[in-house]
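The listed protein sequences derive, respectively, from chains V and S. Sequential numbering of the first sequence, starting at 1, is according to the numbering used here. Sequential numbering of the second sequence, starting at 1, is according to the numbering used here.
Source of the hints: derived by calculation from the structure; they are not laboratory data. Heads up, the beta-carbon is just placed ideally off N, CA and C, and yes, glycines get one too. Careful: at least some of the hints might be erroneous.
What the hints assert, rightly or not - When the alpha-carbon atoms are kept at most 30 Å apart in a straight line, the in silico DSS-like pairs for lysine-lysine are as follows: (1) Lys-461/S / Lys-165/S; (2) Lys-438/V / Lys-461/V; (3) Lys-273/S / Lys-333/V; (4) Lys-483/S / Lys-483/V; (5) Lys-11/V / Lys-59/V; (6) Lys-483/V / Lys-333/S; (7) Lys-243/V / Lys-162/V; (8) Lys-273/V / Lys-333/S; (9) Lys-113/S / Lys-347/V; (10) Lys-351/V / Lys-113/S; (11) Lys-461/S / Lys-162/V; (12) Lys-442/S / Lys-244/S; (13) Lys-273/V / Lys-483/S; (14) Lys-483/V / Lys-273/S; (15) Lys-280/S / Lys-212/S; (16) Lys-461/V / Lys-461/S; (17) Lys-333/V / Lys-280/S; (18) Lys-162/S / Lys-461/V; (19) Lys-349/V / Lys-113/S; (20) Lys-333/S / Lys-280/V; (21) Lys-483/S / Lys-333/V; (22) Lys-442/S / Lys-493/S; (23) Lys-461/V / Lys-189/S; (24) Lys-113/V / Lys-349/S; (25) Lys-42/S / Lys-63/S; (26) Lys-333/V / Lys-333/S; (27) Lys-244/V / Lys-232/V; (28) Lys-461/S / Lys-189/V; (29) Lys-232/V / Lys-483/V; (30) Lys-113/V / Lys-347/S; (31) Lys-113/V / Lys-351/S; (32) Lys-238/V / Lys-489/V; (33) Lys-280/V / Lys-483/V; (34) Lys-231/V / Lys-165/V; (35) Lys-243/V / Lys-273/V.
Claimed, not checked - From chain V, some residues computed to sit far from chain S (all C-beta separations above 10 Å): (36) Ser-2; (37) Glu-8; (38) Leu-50; (39) Val-121; (40) Ser-161.
There are 2 protein chains.
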Amino acid sequence: MSQHFLHEFLKPKSIAIYGANNTFGTTMGTMLLLRIINSNFKGKIFPIHLRLDLVLGYKAYKKISDVPEIPELVVIVLPPRVVPQVFKECGEKGVKKIVVISGGFRELVGDRKNTLTEEIVEIANNYGIRFTGPNCLGLFNNWIYPEGDGNFNLMMWGDHSKRSKFSMASQSGTLASHLWLDPEYPDFKAGKSISLGNEANIDLVDFLEYFKDDDETEVIGLYVEEIKRGKKFIELAKEIIPKKPIITIYGGGSEAGNRAIRSHTGSIGANIKIFDAMIKETGIIKTDYVEEFLDISSMLLTPNFPYPKGNRIGIVTFSGGPGALIANNAERKGLIVPEFSESLQAKFKSKLPHTASWSNPIDITFDMNIFNLYINFPKMLMKSGEVDVIIIYGAMGFADVVSIEQQNTKISQFIELREDMSNRIGEMDKFLIAPMIKTSHKYSVPIIYINPQSYANEWSKKIREHGGIVFQFWDRPVNALAKICEYAKYRSKFNLKKK
Amino acid sequence: MSQHFLHEFLKPKSIAIYGANNTFGTTMGTMLLLRIINSNFKGKIFPIHLRLDLVLGYKAYKKISDVPEIPELVVIVLPPRVVPQVFKECGEKGVKKIVVISGGFRELVGDRKNTLTEEIVEIANNYGIRFTGPNCLGLFNNWIYPEGDGNFNLMMWGDHSKRSKFSMASQSGTLASHLWLDPEYPDFKAGKSISLGNEANIDLVDFLEYFKDDDETEVIGLYVEEIKRGKKFIELAKEIIPKKPIITIYGGGSEAGNRAIRSHTGSIGANIKIFDAMIKETGIIKTDYVEEFLDISSMLLTPNFPYPKGNRIGIVTFSGGPGALIANNAERKGLIVPEFSESLQAKFKSKLPHTASWSNPIDITFDMNIFNLYINFPKMLMKSGEVDVIIIYGAMGFADVVSIEQQNTKISQFIELREDMSNRIGEMDKFLIAPMIKTSHKYSVPIIYINPQSYANEWSKKIREHGGIVFQFWDRPVNALAKICEYAKYRSKFNLKKK
Numbered sequence: 001m002s003q004h005f006l007h008e009f010l011k012p013k014s015i016a017i018y019g020a021n022n023t024f025g026t027t028m029g030t031m032l033l034l035r036i037i038n039s040n041f042k043g044k045i046f047p048i049h050l051r052l053d054l055v056l057g058y059k060a061y062k063k064i065s066d067v068p069e070i071p072e073l074v075v076i077v078l079p080p081r082v083v084p085q086v087f088k089e090c091g092e093k094g095v096k097k098i099v100v101i102s103g104g105f106r107e108l109v110g111d112r113k114n115t116l117t118e119e120i121v122e123i124a125n126n127y128g129i130r131f132t133g134p135n136c137l138g139l140f141n142n143w144i145y146p147e148g149d150g151n152f153n154l155m156m157w158g159d160h161s162k163r164s165k166f167s168m169a170s171q172s173g174t175l176a177s178h179l180w181l182d183p184e185y186p187d188f189k190a191g192k193s194i195s196l197g198n199e200a201n202i203d204l205v206d207f208l209e210y211f212k213d214d215d216e217t218e219v220i221g222l223y224v225e226e227i228k229r230g231k232k233f234i235e236l237a238k239e240i241i242p243k244k245p246i247i248t249i250y251g252g253g254s255e256a257g258n259r260a261i262r263s264h265t266g267s268i269g270a271n272i273k274i275f276d277a278m279i280k281e282t283g284i285i286k287t288d289y290v291e292e293f294l295d296i297s298s299m300l301l302t303p304n305f306p307y308p309k310g311n312r313i314g315i316v317t318f319s320g321g322p323g324a325l326i327a328n329n330a331e332r333k334g335l336i337v338p339e340f341s342e343s344l345q346a347k348f349k350s351k352l353p354h355t356a357s358w359s360n361p362i363d364i365t366f367d368m369n370i371f372n373l374y375i376n377f378p379k380m381l382m383k384s385g386e387v388d389v390i391i392i393y394g395a396m397g398f399a400d401v402v403s404i405e406q407q408n409t410k411i412s413q414f415i416e417l418r419e420d421m422s423n424r425i426g427e428m429d430k431f432l433i434a435p436m437i438k439t440s441h442k443y444s445v446p447i448i449y450i451n452p453q454s455y456a457n458e459w460s461k462k463i464r465e466h467g468g469i470v471f472q473f474w475d476r477p478v479n480a481l482a483k484i485c486e487y488a489k490y491r492s493k494f495n496l497k498k499k
Numbered sequence: 001m002s003q004h005f006l007h008e009f010l011k012p013k014s015i016a017i018y019g020a021n022n023t024f025g026t027t028m029g030t031m032l033l034l035r036i037i038n039s040n041f042k043g044k045i046f047p048i049h050l051r052l053d054l055v056l057g058y059k060a061y062k063k064i065s066d067v068p069e070i071p072e073l074v075v076i077v078l079p080p081r082v083v084p085q086v087f088k089e090c091g092e093k094g095v096k097k098i099v100v101i102s103g104g105f106r107e108l109v110g111d112r113k114n115t116l117t118e119e120i121v122e123i124a125n126n127y128g129i130r131f132t133g134p135n136c137l138g139l140f141n142n143w144i145y146p147e148g149d150g151n152f153n154l155m156m157w158g159d160h161s162k163r164s165k166f167s168m169a170s171q172s173g174t175l176a177s178h179l180w181l182d183p184e185y186p187d188f189k190a191g192k193s194i195s196l197g198n199e200a201n202i203d204l205v206d207f208l209e210y211f212k213d214d215d216e217t218e219v220i221g222l223y224v225e226e227i228k229r230g231k232k233f234i235e236l237a238k239e240i241i242p243k244k245p246i247i248t249i250y251g252g253g254s255e256a257g258n259r260a261i262r263s264h265t266g267s268i269g270a271n272i273k274i275f276d277a278m279i280k281e282t283g284i285i286k287t288d289y290v291e292e293f294l295d296i297s298s299m300l301l302t303p304n305f306p307y308p309k310g311n312r313i314g315i316v317t318f319s320g321g322p323g324a325l326i327a328n329n330a331e332r333k334g335l336i337v338p339e340f341s342e343s344l345q346a347k348f349k350s351k352l353p354h355t356a357s358w359s360n361p362i363d364i365t366f367d368m369n370i371f372n373l374y375i376n377f378p379k380m381l382m383k384s385g386e387v388d389v390i391i392i393y394g395a396m397g398f399a400d401v402v403s404i405e406q407q408n409t410k411i412s413q414f415i416e417l418r419e420d421m422s423n424r425i426g427e428m429d430k431f432l433i434a435p436m437i438k439t440s441h442k443y444s445v446p447i448i449y450i451n452p453q454s455y456a457n458e459w460s461k462k463i464r465e466h467g468g469i470v471f472q473f474w475d476r477p478v479n480a481l482a483k484i485c486e487y488a489k490y491r492s493k494f495n496l497k498k499k
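Pulled out of the complex, with its shape left as it was, chain V reads as follows:
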């Protein structure tokens, strides 16, 4: 990938930055430089400032021409009117890659439009400069040092010490950065993320091209308001889709949404019919909802995610209500909840108390035989070939159930805890989860565990550590599965094994 022209945007060895000073809280450029420093960027940093000698402890230069080498990347956070001049000076210096954070280029300014975009585009063309933005938040790359710690960060907060192979290109800065603000909830690690801004020079299609052959990218996310090069986009998407899923969240559609987009990037907003036709032709996964975007992406990022071979859902539950609601929602979203064959029903029936049900959903009711819930029944379903995905309701933490007796020492002296239970409670995951994830991969039948105790619950965490998929409630995994099954069907046409 080091030959691609975007390489220095994601893995620069040296950076110059315009617009940072030593005042925190009001100056955006300072925040950006702080992020670069805090992200453990190991390259050289050259702040450019007309008056200061030191910026955040780094030697500052009055002009780019004073910098002792040609920085691989220049970041500009200055008022828009001075940016053309800065572009010229960068061009003279030999700079080839620029990130323009500043806004105010293409937007409607009162009743007139300014020509700043045309000016910097022309200068860039003259000097062979490529640039992202203007009106963007920057970039993030958790793979700048694939073997070590640290990242390259212009726009994200928080801890990103764990990384994924998720790459995002977004026409909204928020969708490129705010998705990773919650340290707990979506367990959705960042890989690469790009805020595209107004796309005056580099656009979404350029990054799609980069992600196509990038080994550090396995799942691609897009936030789209308009696609400038539709034909090339379709061409690339078709190449990518058999190998890597693309998930798109689309900002247009409604009257108010298009009005918002028009104000946002000055674009007239894509025609939703054309966009939907593109989606259909390419096999891109489309969603209108940010949580669904996160759910689908997280699921597909599960290590060795077993793509379902069809859209038939098997439900195992210890409670009838969630079973009914899962079934309803699955049918509503185009999935199938087949009634099991008579022979399969007979097999379940023989292992269940007479109060249970076994036609699909399988409701084991009060008979909490955890081996049936976690192992026997899912395995029987996989072997049967009658379902393509399994949802298990009631994957609750055993330690939490048992701890109830510890809440009241007055009582605990009277309780006999079954010895086998207390001894094995700490390692339940090793024999209930780990082998099932293996089996799930073998049959290519994903299992979704639902634990209403919360996503951050210890048992939920243990399930995820084994490569399991856990949700707190049952609606969102069904919504996500409906789209994943559709993608899996499209993908299967190409008969490709997941790497």
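Put chain S on the given structure of chain V with help from the hints.
Relative to chain V, chain S alone:
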């Protein structure tokens, strides 16, 4: 309410329990008794056990006739075949209220049906006994001691030291209990909750009647698979709706859903068309999704929730992407995102940089004037009368923004933190949130704050402490609002002020 026949189910002074022993982990009756004890139930407890003298430290009785008084409530967790005999003995003793946890009464048992339900119904009629269940999880009442600590709990885990005026009646035990398993996330406190089971004697309509006049109930939740007494249900709902919202999640509808219901409670499943007609006639809020159920309920439980006077949404954001997505979803769900009048636009324009937009959504862009975002713009919108609800994207924690500089002490020596900022950061909520909640009540225009950092974030917590409504992402509040606005419209016909 002490005159109502359900009173002793929710506030019993003495309880007898069948089916508890001293073995934990396999015996459901033991778990139930443990919950009663751990909930700080202050009444008398009489375990009934044929052999044991002590059950969890309580003196046990061989038969109900040995108990020195008539227990106000009896809980039965025994195999179904012995329940009729127990009912007779309870009847002889003078017991009038029973909770039948045991399942296996009305369900299909293999190919034949048993007659146990008919048997206990007849015995109950003979002795004037009223009972919930069979096949239920029990009850929970956080208002058993309105002035003090403790609750009455047969079925919930965890800490319920905080209570709300939310009352739930559910035809699924899970929907009556598992909604409160997450200590953090929905901030959705329990009030009263009833698992109805098969409704052989007491049904959902009975509890609806109880909740109608109950001062400890302000919002009513229902999980419905079938409604046995449709006419009475509609009559009661019509009486309740002008004063208290009813939110219903419905388990039927699809083929597989109805199959699940048939197995679950033996019912044939309600006809969704009839059910939807009932909903429409009564003004009940209906949802198919558990998270939406929680979102709507939580919002309506907000102290002095200001009911919107219409369905026009005003959006204030510092990022275009979320603005467009909120607008799209609002229109999709039947809400209106009106373009502001020219005079109002002019007012916003005069306070915004030229890169911003002001037609609705208002996108303040990089110009992070927090007083505009939190106070000036929402207040201008309320005064304008052009919107009925306000959504603010970007209610991020200030402390978190500032703390970035503390991550790196090497850098912090070079930074000048603006003094006014660092001094006031701890009390931002007092001047940014508290006054706006007041204004929001004054104009009856709800404000929804979106903070992508997470629901449990400190700043989000502070907003909620002032009575504000906070979501992590923007889709779910819009979905919930669409249904709340519809209810508010229905409710406004009755011209009632919220108490």
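Provide an ascending list of the numbers of those earlier hints which the structure does not satisfy. none
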